[in-house]
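S.K.: Sequence:
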Amino acid sequence: MKNIALIAGGESSEWQIALEGASLVEQNLDRTKYNVYKIILHDGRWNYMDEDGVVSELDRNDFTIEVKGEKIRPDYALILIHGTPGEDGRLQGYLDMMKIPYSSCGFVTSVITFDKSACKRALAGTGIDLAREILVGRNTKIDPAAVAGELGLPLFVKPNASGSSFGVTKVKSADQILPAIEKAFAESDHVLIEEYIQGREISCGVLIAGGREYLFPITELVCETEFFDYDAKYKGLSKEITPAPLDAEIVRKVNAMTLSAYKTLNCRGVVRIDFIVKGDRPYLIEVNTIPGMSAHSIIPQQAQAMGMTVGQLYDLIIEDTSKQAE
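The opening position of the sequence shown corresponds to residue 0 in my numbering, with each subsequent residue numbered one higher.
Derived by calculation from the structure, the hints in this document are not laboratory data.
Only true hints are included.
Using 27 Å as the maximum straight-line C-alpha spacing, the simulated DSS-like pairs for lysine-lysine come out as follows:
(1) K322 with K262
(2) K140 with K171
(3) K277 with K238
(4) K1 with K98
(5) K1 with K67
(6) K252 with K262
(7) K322 with K98
(8) K238 with K252
(9) K171 with K277
(10) K262 with K98
(11) K322 with K1
(12) K67 with K98
(13) K182 with K169
(14) K70 with K322
In this text the structure is predicted, and so the values were computed from the model without any measurement.
Make a model of the complete structure from these sequences and hints.
M.R.: Listed below in structure tokens is the structure:
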């Protein structure tokens, strides 16, 4: 039996959503293979919660928990945290030092992909189409009229490093740019101003495990809101269509770009990549290295559409990432 630390929560605005995803995964893990110990990270605390709801703190010096008087050191970490510290490389770096294999991308890949601008720069030259952008720091002087002239209107203002959809604004006039930037700074120290690409929002899950490439059925996101924001994700204001009704050539392009990005960035575990399709041209928008796993989330829907349960998906991930760590 493998002792699995199911690490959830986090410090981002979507930490409670991450707990929902962890509960779904926990319910689907094969208990004939795994002993599962849920570790909740929040407000600087790392707490283990047992099946009776009794909470005790994990010892970060050696990654151990006390279970019914016995000290246990999990031998694998299943990371289900959006944003810091689970998606930005911090937790990965700690687990690397503890020599604990884990389910997500490695430290360097996590750092790069969490920084949206750095991720796009890493993908430049691969033939993948990307939205034009301006990266803004807290001391950057911004001329809203010049920004609007360069990128056009409408445009998006979003936190550059954030694991959630909080702080994202669709800006329709130049006078909205500065307030949108301030809103985004509440979630990140850098802000990305990005051109608006009008088209169909789609998302593709991908996993390489055991030498096999798994390209999940593509999902189209049809939103009642202006874009796939928090309300669209979690308040039923979007319709997810899986598989998406796309022409075969667009599916081929999206699949090729998804695999190219996964391999170029040296990803590991299941990853979800978001695109906008304008005409017959897909633009890569974002790489999600810890995709949502709640009942509302896209990856569980895609896995089901390809005949795979959440439990089977994590069997593949745990087996493959454990072997890579040997």
